[in-house]
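Now for the letters of each chain:
Protein chains: 2
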Amino acid sequence: MQLFPLKTPLLVREDNLLEVILTALGNAELSLQEGDVLTIATKIVSLTRGLLIDRTTVKVSAQAKKYAKITGLPADFMEVALQESDEVLGACKGALLTKRDGHLMPNAGADQSNAPKGYIIILPENPSQIAREIQKSLEAQFNCKIGVIIGDSRVQPLRRGTSGIALGVAGFVPVIDDRGRKDLYGREMKMTRRAIADNLMSAAEILSGEVDEKVPLVLIRNAPITLTDEDLTETMSISPQECMYFSTFLSDR
Amino acid sequence: MQLFPLKTPLLVREDNLLEVILTALGNAELSLQEGDVLTIATKIVSLTRGLLIDRTTVKVSAQAKKYAKITGLPADFMEVALQESDEVLGACKGALLTKRDGHLMPNAGADQSNAPKGYIIILPENPSQIAREIQKSLEAQFNCKIGVIIGDSRVQPLRRGTSGIALGVAGFVPVIDDRGRKDLYGREMKMTRRAIADNLMSAAEILSGEVDEKVPLVLIRNAPITLTDEDLTETMSISPQECMYFSTFLSDR
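Residue numbers (this note's numbering), protein chains in the order written: chain E, 1 to 253; chain Z, 1 to 253.
Hints in this document: simulated from the structure, not taken from any laboratory.
A couple of the hints might just be wrong.
The list cannot tell twin chains apart, which means a pair is met if one copy fits it or any two copies do.
Unchecked claim - Derived DSBU-like pairs: lysine-lysine, alpha-carbon spacing no greater than 35 Å straight-line:
| hint | residue 1 | residue 2 |
| --- | --- | --- |
| 1 | K99 | K69 |
| 2 | K66 | K99 |
| 3 | K145 | K69 |
| 4 | K145 | K214 |
| 5 | K214 | K65 |
| 6 | K66 | K145 |
| 7 | K59 | K214 |
| 8 | K69 | K214 |
| 9 | K66 | K136 |
| 10 | K117 | K214 |
| 11 | K7 | K99 |
| 12 | K7 | K145 |
| 13 | K136 | K65 |
| 14 | K69 | K7 |
| 15 | K65 | K93 |
| 16 | K136 | K59 |
| 17 | K99 | K136 |
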């Protein structure tokens with residue numbers, strides 16, 4: 001398996017994301033091949049779609065003020081995070097813990113870093129549909145079948161530092177189901193599935209960085225993926241009842 | 001960045017792990033180069049050290065019986081998990097949620113899969129020290145500086161499928177600290193750190209599988225790591241008070 005970091009310039013709304021990808025591939029003297037996976041940082045999807053909230057237009061609610069006190073984050077930023085959330089699970093110093101589109105994330109994915117001054121970046125709606133559009137365009141361009149991930153970073157329980165999360169996927173099976181297979185001693189696996197899309201995004205994060213690297217695209221070649229055109233986005237998420245952490249923490253409530 | 005899966009035969013206590021690694025590299029016609037990272041599945045560390053509990057010798061406590069009912073797992077397995085835990089955080093269907101050596105994990109890392117019949121595999125003590133011994137031996141053998149990860153898999157909150165976790169590391173900086181760096185617009189980063197060792201282990205998990213693949217070793221070349229001989233294992237973990245999930249869930253308790 002090989003990973004190629006693809007540099008881009010600083011992107012703005014006027015940029016066309018597909019052209020940005022094609023230029024980045026061209027600059028790296030790479031073309032796409034059958035079974036390649038392209039990872040795309042959500043931030044450049046948001047930037048090229050102009051998903052920026054002008055902070056002067058944000059009307060701060062009492063709830064946002066309450067969360068600003070707990071998190072230590074600006075109240076207008078908390079207001080945007082609240083508006084972007086499907087559900088608020090709670091707050092702690094540094095973050096509002098939210099759900100959005102079935103994904104757990106701090107501040108509903110709203111972000112102050114790498115946003116132009118005076119703006120807050122928000123996540124795109126339906127990242128898998130955007131991934132699908134990019135997949136189809138690139139497949140037509142390079143005449144091969146590929147996978148696309150639109151991903152972000154997240155923190156892990158009791159771990160320091162971020163890893164990758166696939167918010168949108170297209171073109172391949174994002175979770176490998178090993179249930180029913182036999183282990184080395186012939187014992188049947190009952191639980192094991194692998195978060196292949198999240199792991200690919202984590203691998204990409206090693207190269208893409210989070211600050212000023214300008215590597216929002218990573219091409220992954222020879223990953224053992226299964227190509228499909230089925231939309232399997234929902235298979236990446238589980239309910240709180242199925243989740244080891246949630247079902248443990250919420251059991252006495 | 002390139003990843004090479006390294007196959008091994010089915011391993012037993014009589015096998016010498018260093019020889020196993022050298023044979024696997026030789027079979028793949030690979031030698032180690034400056035800055036390479038070798039990931040090693042904890043399971044082969046445990047197997048070659050004979051860290052196997054004979055199930056007939058396990059005395060099941062009342063507490064283990066209680067957790068067996070909640071989890072649906074065998075009571076003798078729960079007993080071993082309890083003995084291997086530093087702290088039990090709770091239980092849900094399918095797993096006992098525990099802490100061990102600062103790492104959060106199901107069943108304290110005790111495992112029935114890929115264990116010989118009648119045995120439960122347990123984790124080695126001090127995986128970073130084992131990683132260091134392997135690092136030093138391989139560095140002497142290949143005359144270069146490398147990184148070594150001894151890792152396992154884990155589940156993520158509200159996500160389906162496993163990703164990688166580095167339990168032991170040696171030879172490189174496992175968490176990249178981006179705090180103080182400036183973003184694309186000159187704004188200083190206050191929070192961002194990247195779990196590079198966990199991300200490398202997640203990347204390796206894409207190739208190594210969890211069932212009968214016999215790929216417990218992955219060589220990662222050209223990863224942007226910083227070599228060091230300092231033991232930075234503890235920097236990978238945070239306290240429940242610093243953790244977004246724990247500090248949120250535990251705030252009303």
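The hints, checked one at a time:
no.: 1; hint: K99 with K69; verdict: both (20 Å within a copy, 31 Å between copies)
no.: 2; hint: K66 with K99; verdict: both (19 Å within a copy, 33 Å between copies)
no.: 3; hint: K145 with K69; verdict: neither (49 Å within a copy, 47 Å between copies)
no.: 4; hint: K145 with K214; verdict: both (26 Å within a copy, 29 Å between copies)
no.: 5; hint: K214 with K65; verdict: within (34 Å within a copy, 54 Å between copies)
no.: 6; hint: K66 with K145; verdict: neither (49 Å within a copy, 51 Å between copies)
no.: 7; hint: K59 with K214; verdict: within (32 Å within a copy, 57 Å between copies)
no.: 8; hint: K69 with K214; verdict: within (33 Å within a copy, 51 Å between copies)
no.: 9; hint: K66 with K136; verdict: neither (44 Å within a copy, 53 Å between copies)
no.: 10; hint: K117 with K214; verdict: within (18 Å within a copy, 51 Å between copies)
no.: 11; hint: K7 with K99; verdict: within (31 Å within a copy, 40 Å between copies)
no.: 12; hint: K7 with K145; verdict: both (23 Å within a copy, 28 Å between copies)
no.: 13; hint: K136 with K65; verdict: neither (43 Å within a copy, 54 Å between copies)
no.: 14; hint: K69 with K7; verdict: neither (38 Å within a copy, 53 Å between copies)
no.: 15; hint: K65 with K93; verdict: within (14 Å within a copy, 38 Å between copies)
no.: 16; hint: K136 with K59; verdict: neither (39 Å within a copy, 59 Å between copies)
no.: 17; hint: K99 with K136; verdict: within (29 Å within a copy, 45 Å between copies)
Going down the numbered hints, you'll see the structure goes against 3, 6, 9, 13, 14 and 16, while the others check out.
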